[in-house]
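These protein sequences, in sequence, are chains A and F.
Numbering follows the working numbering, in which position 201 of the first sequence is assigned residue number 201; successive positions increment by one, without gaps.
Numbering follows the working numbering, in which position 352 of the second sequence is assigned residue number 1352; successive positions increment by one, without gaps.
These are computed hints drawn from the structure, not numbers from a lab.
Any given hint could turn out to be false.
Here's a subset of chain F near chain A, in silico, CB distances under 8 Å, partners left out [unchecked claim]:
| # | residue |
| --- | --- |
| 1 | 1019 |
| 2 | 1023 |
| 3 | 1034 |
| 4 | 1069 |
| 5 | 1072 |
| 6 | 1128 |
| 7 | 1199 |
| 8 | 1219 |
| 9 | 1221 |
| 10 | 1264 |
| 11 | 1270 |
| 12 | 1271 |
Pairwise CB distance ranges (calculated) [what the hints assert, rightly or not]:
| # | chain 1 | residue 1 | chain 2 | residue 2 | range |
| --- | --- | --- | --- | --- | --- |
| 13 | F | 1088 | A | 338 | 35 to 41 Å |
| 14 | F | 1341 | A | 277 | 28 to 34 Å |
| 15 | F | 1339 | A | 259 | 50 to 56 Å |
| 16 | F | 1316 | A | 355 | 26 to 32 Å |
| 17 | A | 277 | F | 1291 | 50 to 56 Å |
| 18 | A | 338 | F | 1339 | 45 to 51 Å |
| 19 | F | 1010 | A | 149 | 34 to 40 Å |
| 20 | A | 304 | F | 1052 | 36 to 42 Å |
| 21 | A | 376 | F | 1312 | 35 to 41 Å |
| 22 | F | 1316 | A | 217 | 54 to 60 Å |
| 23 | A | 149 | F | 1096 | 19 to 25 Å |
Sample of chain A residues lacking proximity to chain F, with all beta carbon distances greater than 10 Å (derived) [as the list claims (entries may be wrong)]:
| # | residue |
| --- | --- |
| 24 | 77 |
| 25 | 146 |
| 26 | 285 |
| 27 | 289 |
| 28 | 328 |
| 29 | 348 |
For clarity, every value in this text was computed on a predicted model and none was experimentally measured.
Think of the CB as a built atom: it goes at the ideal place given N, C-alpha and C, for glycine as much as any other residue.
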Amino acid sequence: MSERVLLHVGTPKTGTSYVQDVLWRNREVLAEAGILYAAERFDAHFLAALDLMELPWGGLQSEAIGAWDDLAARVRAFDGTAIISHEILATASRAQIGRALASLGHGDGTEVHLVLSVRDLVRQIPAEWQENVKHRAQLSFADFLDEVRDPERATRIGSWFWGVQEVPEILDRWGQDLPPEHVHVVTVPPPGGAPEVLWKRFSQALGLDGVPLDLEQAERANPSLGVPETTLLRRINKRVNAELPPADYRPLVRELLAHQTLSRRRRSPRLALPPALHPWVSQIAASWTEEVERRGYDVVGDLADLAGAPPVEQYADPDHPRERQVALAGVDAIKTLLLDDARLRHDVERLQAEVDDLRGALERAYATPSYRLRRALYLRLEGSLLGRTTLRGYRRLRGRSTP
Amino acid sequence: MSERGWAWVEHLRRGGTTPWASFDGGPSAAEDGYLPGAQQLELLRRLNLAGSPSPDLVERVVRASAPGRGRPDLELVGAGPERRFGPRPVDPATLPDAELLRVATGLLATSVVRTAPAPVEPRRPRRWRTRYELVGDPWVATPLTAALTADGRPPGGVGRAVLVLGADLPTMLARVWADRALRGSVPPWPEFVARVHARDRLPRRVDLVEVAARQRTVAGTGRVSVVLDPAALPGLLGARSLPPGGVPPDLSEAAGELTRQVATAVSLHVTPPEQTDLLERVLLPRLAALAPAGPPAPRPVVPPEHRDWVEDAAARLHRDLVRSGYPVVGDPGGVLPGPWEAHGAPQSVLDLAVRLLLERPSEVTA
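With the hints as constraints, model all of the structure from the sequences given.
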């Protein structure tokens, strides 16, 4: 039975990928320190979360079957501290949370701690739109903002956004059965600070201070796109969504174009919250801060971080981008696709040569004169009722059914 | 926690049908924890309205979580103190069908997975049998091949006759959609037709001339013919008749849509090949059993804005078929659309799901 489980449930875009990469790469070091990060593959906790929450994910769900129960069993069997981390857990329903906590030993002697990392909405809102665009979304930034601001939250976009971003509500769902001192809120520092600050906060919340972790090789974050690059991607989505299946979209559009090509264009204007929305966001941040303080959770960092940066001086609207910038991003995208296509053509030529060799060998095996004669006769007989009857009689006499 | 809310849960558990908005309380057995979501409770009310759900089913509905993305479990409006955060509470009667369907399809999926009978062992292959391969229309070719295999007539063999199965193009499009619905890899019918139209290309398996041409190049194949007359199939396959249940009845648009959604939910429990197998063996017979006696349910109808394209594509297919010289069993004009059927009143997918859930009152919970 685990003594302690640290459950990091989000939110997205708060350095979670980096934390998970550090934990994954340092599994053995952690084990020596008596800490379990139970994972056979880097996305093991993502799969477990999909399984727990019954989320289809472009076919990946078939790899997730039973993943939560497996993870929970390993955690229960471990004598020490276990860490589980994935940001989509933030949207779990109360029923799913009840099942998750029970399966980890909550109420049965295990001390469960909840960790929620949070970032200001000034950065989260554009980041979530960009993430949607990287997952095939076609809607404009303005439409996305309308859906997010709709108090009904009836759309897929609105309900998911607040499900993973509304800090007091996530804490209420996940923390309903936990004492407040077991709920740790990690704030992401304002932009421009030293990147080590966030890791130090995570390290404190997850009880990793003093563990000799190797942080050098971990990947820092999901690469982000600028304004023209995101616009280009959205236009690509409009053109290809009907024809490109998810299994092809993932490697070609999200990985090859977005992550490996467009995210490297760092000089284009960055996505930002429209200045007119800052008062609305400030109001929300203030209410969240007040609520988190009132509930008495353990805050690692500073709740003032939730206020976010002031409006940018030169706002670049992704719905009305500078077309020259979009065109230049498009040229880079075409270059990448051409180079990749050339590589694939070489692969196809090589494989075609192998197929030709094999087909030649097969045809030589079938090319004996007697085989050709029998095949011609067979095809002629198959073409008429009398012929088929004759063939049946022949087979019966011969004792097998091939000619 | 809301006494009125728990009283409504109790009312629904006992088979009550009063909507939340007009429910004025009653005996309650307040429970620990949280009230079930508005989606689950409204689905239970709809089940009560449509029939008598078993106690097992009632508890499964109350405890269910809806699979997939959508609105979270919602609270009942007026059931408790106003909350500062979280989604707004709702009057469950105003929830759109899609929200209730998410819960229903999750329940149907677990039911399909848990109640599947063991697959029937195929009989030993017959010694003397016609060598064949069925391709083309997947709604017929795949299950018929499986049924023939179970009957001791597996496909394949050198010199096999390749039968490219076809029908009129609107029917083939509807069947391709239904077949892909079993795999959960297709959008709803109107979007599917729009995509086929946008691509200006027939789905691979029903581009009959292309299929025949591909088969010609495959080593070991014999005569390749296109079959547009289903009555000729037994003779071509060397059988007196087709195995019973070999060709499933066509799905209506509502049944196809429900199948599509249940397939996605089933994919959360089993691997893709198992998913298709389970849906074919468990869900399709249940859907067929629900169909009323009389004429079969109408297949999905091509929306008017795509009919010109379908007519043109069918004409091209007919022309290519005649020019290609492949032997055709039946009339080559059989690929052309008949008169367009009028759109009938759309059948509710949710109603169908509710009927399916009620169909097995003795279902056992896990």
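TODO: Hold the hint about residue 1023(F) up to the distance rule: shortest CB distance to chain A must be less than 8 Å.
DONE: Check failed: Cβ of residue 1023(F) comes no nearer than 22 Å to chain A, outside 8 Å.
- [ ] Take a look at whether the Cβ-Cβ distance between residue 338(A) and residue 1339(F) falls inside 45 to 51 Å.
- [x] Holds, since residue 338(A) and residue 1339(F) (Cβ atoms, about 49 Å apart) stay within the stated range.
Open item on the list: Tell me if the beta carbons of residue 304(A) and residue 1052(F) are separated by a distance inside 36 to 42 Å.
Closed with: violated (58 Å)
Open item on the list: Using the nearest Cβ pair, does residue 1199(F) come within less than 8 Å of chain A?
Closed with: holds (6 Å)
Task: Hint check: 8 Å Cβ-Cβ cutoff, residue 1271(F) to chain A - done: Hint on residue 1271(F): holds, closest Cβ of chain A at ~5 Å, below 8 Å.
Task: When the least beta-carbon distance from residue 1019(F) to chain A is tested against 8 Å, hint result - done: Result: violated, 20 Å to nearest chain A Cβ.
Task: Interface hint status, residue 1069(F) versus chain A (Cβ within 8 Å) - done: holds (6 Å)
Open item on the list: Just to be careful: measuring from the Cβ of residue 1072(F) to every Cβ in chain A, is the smallest value less than 8 Å?
Closed with: holds (6 Å)
TODO: Classify the label on residue 77(A) as holds or violated, using whether its beta-carbon is more than 10 Å from each beta-carbon of chain F.
DONE: Check passes; 23 Å lies beyond 10 Å.
TODO: So, residue 1128(F) near chain A? Judge it on the closest CB pair being under 8 Å.
DONE: holds (5 Å)
Task: Consistency of the no-contact label for residue 289(A), given chain F and a CB cut of 10 Å - done: holds (13 Å)
- [ ] Could you check the hint for me, namely that residue 1339(F) and residue 259(A) are 50 to 56 Å apart, CB to CB?
- [x] holds (52 Å)
Going through the hint list in order, the structure does not satisfy hints 1, 2, 9, 13, 14 and 20.
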